[in-house]
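There are 2 protein chains.
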Amino acid sequence: MDTMGRHIIAELWDCNPEKLNDMEYVERLFVDAALQAGAEVREVAFHKFAPHGVSGVVIISESHLTIHSFPEHGYASVDVFTCGDRIDPAIAAHYIADGLDAKIRENVEIPRGMGPVEVPAATVQHVN
Amino acid sequence: MDTMGRHIIAELWDCNPEKLNDMEYVERLFVDAALQAGAEVREVAFHKFAPHGVSGVVIISESHLTIHSFPEHGYASVDVFTCGDRIDPAIAAHYIADGLDAKIRENVEIPRGMGPVEVPAATVQHVN
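As you go down the protein sequences, you meet chains P and U in turn.
Under the numbering used here, the first residue of the first sequence carries the number 1, and numbering increases by one thereafter.
Under the numbering used here, the first residue of the second sequence carries the number 1, and numbering increases by one thereafter.
Bear in mind the hints are in silico, worked out from the structure with no lab data behind them.
Since we're looking at a predicted model, the values are computed, not measured.
Among the hints, erroneous ones may be present.
Just the calculated beta-carbon pair ranges, DEER-fashion [unchecked claim]:
no.: 1; chain 1: U; residue 1: Val124; chain 2: P; residue 2: Asn128; range: 21 to 31 Å
no.: 2; chain 1: P; residue 1: Gln36; chain 2: U; residue 2: Asp32; range: 34 to 44 Å
no.: 3; chain 1: U; residue 1: Asp14; chain 2: P; residue 2: Arg28; range: 37 to 47 Å
no.: 4; chain 1: P; residue 1: Arg86; chain 2: U; residue 2: His52; range: 13 to 23 Å
no.: 5; chain 1: P; residue 1: Glu40; chain 2: U; residue 2: Glu72; range: 18 to 28 Å
no.: 6; chain 1: U; residue 1: Ala122; chain 2: P; residue 2: Thr123; range: 37 to 47 Å
no.: 7; chain 1: P; residue 1: His126; chain 2: U; residue 2: Glu40; range: 28 to 38 Å
no.: 8; chain 1: U; residue 1: Arg28; chain 2: P; residue 2: Val41; range: 46 to 56 Å
no.: 9; chain 1: U; residue 1: Asp2; chain 2: P; residue 2: Met114; range: 15 to 25 Å
no.: 10; chain 1: U; residue 1: Pro120; chain 2: P; residue 2: Met114; range: 32 to 42 Å
no.: 11; chain 1: P; residue 1: Val127; chain 2: U; residue 2: Asp88; range: 32 to 42 Å
no.: 12; chain 1: P; residue 1: His126; chain 2: U; residue 2: Asp2; range: 15 to 25 Å
Cβ atoms here follow ideal geometry from the backbone N, Cα and C, with glycine treated the same way.
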């Protein structure tokens, strides 16, 4: 398999705090996001923190999706990393941001496995 | 909990292919790396691909460590993401790179949860 990958770092602000704190919802959202992008789900591991917050990962054949949520700040740090050129990580990242009602979405796409890392500028989207 | 986090993107080249393909070794290495950095391990999920390659994640109280290995290319894409300022992700990243005998190590540290993402230049280290 080629090492080429695309890694989207998504900083999601002004999200729905209840959704950020609902582990079952977040887990289902992430599995659905992977499937929407056409990925093959291999492992799923989520953890609920006390008093609030969810961390989790979906390992796909094409790499992974992760989240760490901070309901008290309306913030989630999300990563969508896909190897190869068959899957578009932006589809999953967009699906997740929509599912968390994120009003401010900052995305940076980092090329992986292609030699020296060159990071383009972030894109910021405000959604009303 | 504060949203502040440090996310190290590590591109490891010229690694030991046998270690990259040994799931039990990689899983133990990642758990040990988390513990070395003083993190608290919450979930561990690894997957072995056919004919080769390992993907896995260690979810820690302070975020996560992930790997996708390509033994046939001597390459591993590693992420070490820690929230808060108690844990230094560089300790875990260094431990992992050493454990995989990586001769070329390119690291980028991305600030997370701190507003607009500003990505510094990568550091590249050649180890003989």
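Quick rundown of the hints versus the structure:
1. About 42 Å separates the C-beta atoms of Val124(U) and Asn128(P), a value inconsistent with the hinted range of 21 to 31 Å.
2. Checked against the given bound of 34 to 44 Å, the beta carbons of Gln36(P) and Asp32(U), roughly 36 Å apart, stay inside it.
3. Restraint check, Asp14(U) to Arg28(P): a C-beta distance of roughly 40 Å satisfies the suggested window 37 to 47 Å.
4. Taken as a hint, the range 13 to 23 Å holds for the pair Arg86(P) and His52(U), whose Cβ atoms sit roughly 19 Å apart.
5. Between Glu40(P) and Glu72(U) the C-beta distance comes to about 20 Å, which sits within the given range of 18 to 28 Å.
6. Range check, Ala122(U) to Thr123(P): about 20 Å between beta-carbon atoms, so the 37 to 47 Å window is missed.
7. For the hinted restraint 28 to 38 Å between His126(P) and Glu40(U), the CB-CB distance of approximately 36 Å keeps it satisfied.
8. Between Arg28(U) and Val41(P) the beta carbon distance is about 25 Å. The supplied range of 46 to 56 Å is therefore violated.
9. A C-beta distance of roughly 33 Å is found between Asp2(U) and Met114(P), which places it outside the suggested range of 15 to 25 Å.
10. Under the hint 32 to 42 Å, the C-beta atoms of Pro120(U) and Met114(P), about 19 Å apart, miss the expected range.
11. The beta-carbon spacing between Val127(P) and Asp88(U), approximately 35 Å, falls within the hinted interval of 32 to 42 Å.
12. The hinted window of 15 to 25 Å between His126(P) and Asp2(U) holds, with their beta carbons roughly 24 Å apart.
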